[in-house]
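Modelling step: build the complete structure from the supplied sequences, incorporating the hints.
Number of protein chains: 4
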Amino acid sequence: MIIILKQNAPEQRVQALIDDVKQQGMTVHYSQGAETTILGLIGDTSRVDEDKLRANDVVFDVRRISEPYKAANRRFHPMDTHISVGGHTIGEGFFHVLAGPCSVESEEQLLTVAQSVKASGATFLRGGAFKPRTSPYSFQGLEADGLALLREARKITGLPIVTEIMSEAQLDEFEDVDILQVGARNMQNFRLLKALGRTNKPVLLKRGLSATVEEWLMSAEYIMAGGNENVILCERGVRTFETMIRNNLDISAVPLLKSHSHLPVIIDPSHAAGIAWMVEPLARAAIAAGADGLMIEVHNNPKAALCDGAQSLDLDQFANLMKEVRRRTEFEGKSAD
Amino acid sequence: MIIILKQNAPEQRVQALIDDVKQQGMTVHYSQGAETTILGLIGDTSRVDEDKLRANDVVFDVRRISEPYKAANRRFHPMDTHISVGGHTIGEGFFHVLAGPCSVESEEQLLTVAQSVKASGATFLRGGAFKPRTSPYSFQGLEADGLALLREARKITGLPIVTEIMSEAQLDEFEDVDILQVGARNMQNFRLLKALGRTNKPVLLKRGLSATVEEWLMSAEYIMAGGNENVILCERGVRTFETMIRNNLDISAVPLLKSHSHLPVIIDPSHAAGIAWMVEPLARAAIAAGADGLMIEVHNNPKAALCDGAQSLDLDQFANLMKEVRRRTEFEGKSAD
Amino acid sequence: MIIILKQNAPEQRVQALIDDVKQQGMTVHYSQGAETTILGLIGDTSRVDEDKLRANDVVFDVRRISEPYKAANRRFHPMDTHISVGGHTIGEGFFHVLAGPCSVESEEQLLTVAQSVKASGATFLRGGAFKPRTSPYSFQGLEADGLALLREARKITGLPIVTEIMSEAQLDEFEDVDILQVGARNMQNFRLLKALGRTNKPVLLKRGLSATVEEWLMSAEYIMAGGNENVILCERGVRTFETMIRNNLDISAVPLLKSHSHLPVIIDPSHAAGIAWMVEPLARAAIAAGADGLMIEVHNNPKAALCDGAQSLDLDQFANLMKEVRRRTEFEGKSAD
Amino acid sequence: MIIILKQNAPEQRVQALIDDVKQQGMTVHYSQGAETTILGLIGDTSRVDEDKLRANDVVFDVRRISEPYKAANRRFHPMDTHISVGGHTIGEGFFHVLAGPCSVESEEQLLTVAQSVKASGATFLRGGAFKPRTSPYSFQGLEADGLALLREARKITGLPIVTEIMSEAQLDEFEDVDILQVGARNMQNFRLLKALGRTNKPVLLKRGLSATVEEWLMSAEYIMAGGNENVILCERGVRTFETMIRNNLDISAVPLLKSHSHLPVIIDPSHAAGIAWMVEPLARAAIAAGADGLMIEVHNNPKAALCDGAQSLDLDQFANLMKEVRRRTEFEGKSAD
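Chains as they are written, first to last, in the working numbering: chain A, 1 to 337; chain B, 1001 to 1337; chain C, 2001 to 2337; chain D, 3001 to 3337.
One thing to keep in mind: the hints can contain errors.
Unchecked claim - Computed far set for chain A versus chain D, every beta-carbon distance over 12 Å:
(1) Arg-154
(2) Gly-197
(3) Glu-242
Stated by the list, open to error - Mimicking DSS-like on lysine-lysine, the simulated pairs with C-alpha atoms at most 27 Å apart in a straight line are:
(4) C:Lys-2155 to C:Lys-2201
(5) D:Lys-3323 to B:Lys-1258
(6) A:Lys-323 to C:Lys-2258
(7) B:Lys-1323 to D:Lys-3334
(8) C:Lys-2155 to B:Lys-1006
(9) C:Lys-2201 to B:Lys-1006
(10) A:Lys-334 to A:Lys-323
(11) B:Lys-1155 to B:Lys-1118
(12) B:Lys-1006 to A:Lys-303
(13) C:Lys-2006 to D:Lys-3303
By construction, these hints were calculated from the structure, which means they are not laboratory data.
Only a predicted model underlies this, so the values are computations on that prediction, with no experimental measurement involved.
Where is the CB? At the ideal position from N, CA and C, for every residue including glycine.
The following block contains the structure:
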């Protein structure tokens, strides 16, 4: 971290700043130029508060050189993280497809979809029991009954389950869920992130609608700082000015995350585009860019789906997608386990 | 709501769609043109799920004519909402300044700031006890101790207090807080919104970093649908491509909200710009645009503030700002009560 | 196009509106519901001015059903456009790589790069002679001398050349350029677009930094409406809130354009990311998503490049990229001609 | 400017970099820390090419401390720029309203509007002769005939005229126009900016749809670097994710520009919102934030306007707006001359 001082900053005030930084465990490298004086902070700057430095009136500007995240940083953890869950390994070199309905609607719906996606090659069953909906008047999910149906589907198909948790108050209720999903709207629900950090459950952390990659990794850091290193990052499109599609899949996020972090990266093309026919081309791009998996919405009868029907594949469309996914992950030298 | 049908949609399927919509309590107006057939839905469409309609394969497109929010909608509630809290009235025609430190740091700090902002004309004391910070390594607030200090400051100064609640699990702890603030990152924490809807506490709902005005009003609707109509909207800048400032204050939101909703609108220029010297010009713009109040960060020693120091005014700067605010709110014919 | 009328609109005024629309060659389908009256416009609505309709005070809202572009619209031109240029065919089923330096700097530089990229498999030589730079103090290109060097490089290598035109006043000077590039900042320089429409030269139209896909196609429409159908669309990243990279490659644009238009689509991963090491993963994604080609910045000595050095590949990196490109385009069943 | 070197950069390569920078007239301040080595560049860094430095493989990062614009920079020109045009002075301390139709449509329309806005207090007549329209099928303006009508209106009313120039090829034709407007879509049409820099005509430079404040000032710098210092900046709303209005007026731009530059700042609330009823509240905010003037679209019959009717005020609405403007500019202590 570099602190650029204001011109003519009183020496005494500068010394006080240096002392303050040293007390935070930093070494300070003082460098006085003809017009600009710079303090170079050496040490673990992830705990240094930029805002506080900026407020000091001898400070002209503060520039971070190293990233503010540490546990999630590949620089400090060069090896790829592999997460073992439900008999599978998620991470670099493997490729998993998490499929299922946007929301669990009935026993028949869920079992039909679960058995079909398993037959087509999905290795995880996703499905929403508690649904974060923009409108209070939209279907909010089957809640506890939905969780029970997911457990039943897991029992019958053997597929581990992924479902969204919306509050730290639900942790007990989600005890036996295989992967806890944090939705885009809760990416910075820090109470929830901290609570998840105190467990050792795999967490699928979706990117916020307009979160930078760094903010996203800082949310992963919240979970990891608590001791839980089982974090899977899931890109699901970001908000831009474009109106023709719901969100813009940020394909650059895959190489950026793979370079800056060691955590697994999953792509959700269903939410990104919001249109069923775009799922396949985006899935192809995700595989080629280096993603470790896909999250796909599948419904046995999309036109009657209680949520996100427009972006859900039907069972046949999903089976066809999986053929293409297999052909391409083989080309990349990856497989499900 | 208008449903545009696909060309050559089978009559039987269209009839099924019409029946389905009618069962939701809508009247359907069928209109067949040479090339386009349109269904006009008449009734309370706020409960109709657009996504579900879109997924129906006889549907080409769905267009909403009326807004999806109802309780927050001026069309159905033409009179301005006035909220009585702590002996004050918040809403159209009045103007309040909510001032205080970003975070409560100590008894001395809080009391010094509280007494000073009161003397300068603030009518509410704001201060964070539980702080949502991007980094897990940043100061997270004094938590319960911070709340206790806020209560003490209220007792001494008589200023009602505003502080941020981060989870529905904290509701009991915040029982006697005068205005519960929902932060930008929690604007779509629907569990929290629903819980707040079951109380009758005034809620200051900050706009999410990239929430549309409609999404914001839908979050207000979550609280109001639960029975709590005491919602104050707080604009605090939105995320754009601009890098010179932290957020872009969306001044258009003031007339938009005043036109589409009856709820009070407050502006937070401190968070919008993130720079202390910009607080005053943005505050002037907010007053002129028709806002009902301001939320301002004030610290007795900004350069030592544990959070947001760069955007905090010191006590003198705030006193000067208030002179300007008074001069201008008088011009607009508004006062604090 | 659907016009939704205001409630209680005076009959006479509505009739005047209907007459006005009919005079523009439209058929009008009048549909009166209990609460909403709708006019359905049937015919070629691409020439109807939405803004003008909206300004009519009996109009509540106007919604387009069909796209405002026509010549660029796949609905009216279902067959893919194939552009013959320099002995090659650009369009669906083929895959071309346009490579070369950001700016032409010297004879030695250009010939070295041209011969090397040809040997590696590029089929077009790109290079800037006139450079649009954000700062007036940055290198502005060799201008006419740069064009002369491009012609020389074409003569020696046989590679057709692609270079940027910045004004309609330059058309004569660019007479023998094989593909005229319109840069992102000029995507809505309508004088230039109209002038290009009066030629029959292939035009590579880059997407504006924050242009929607529809606006981009409308700019293509400007060229095509003038009679020149040889338009190639080039996605080069859009502006978002992300700060870690220069632009976000909009991979969704590939399937969107392929679905809505018949024009060839090229991806420029060099400008999108602005970082050399990200070119390859983005190129892989582009191929998989269905792009018809790539535009790549290559320099014999990137660290001395007069522009965009940070995103340029050196000759070896480009050779390696091309091996990967070939392996992947073969997988997709595409080749350069 | 600070250059942060990579760890273990070979000494010889670093020395070559230092020599290169010195040859550009910079003084270099070398500062070696335990882990980070930093070069501080002192001198006129506005001509230093960041991209080129970044491409050097011993460079880890480059951070600008001073702004890349110089002629437009208040640091180097502390006094406010005042532009004399048509008997008026534009700049800090004054307040002008530039009003008129989006496009010149007929002699009767233009003269009616011109005489009326003059009577209401406007000091400049605006009107488009050459119109940049998104669609090639929309009305493109009366072109040369429109210019002739503007000259006639000036002769009759005495109001100086403001109209948009779209290409450097039009300079002669616009010879006697009082203020040349550069539209948002041409903000980075560098050929046009350079040509305007060679004249001494006042230029009203609109901000690009998603241009940062710095990029905007760099475009002003293009004109000023050529010798023409008569640049007026015009904010007209930026593109965001919001869909309820056309553009988001960036009110923060006023204090930012006033602080970083000495150039006059005008606000165009008509284009920002795109809705007539929002013009007044945005105009009020602009005045309070410190703008030096307003640009307002006025039409004698908005519902029949050939462009932008929805956002145009009619003659009475404009007269009422001007009463409010006068009341408020008096409060700010400003007047038209």
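Problem - Numbered hints the structure breaks, given as an ascending list - result: 3, 8, 9
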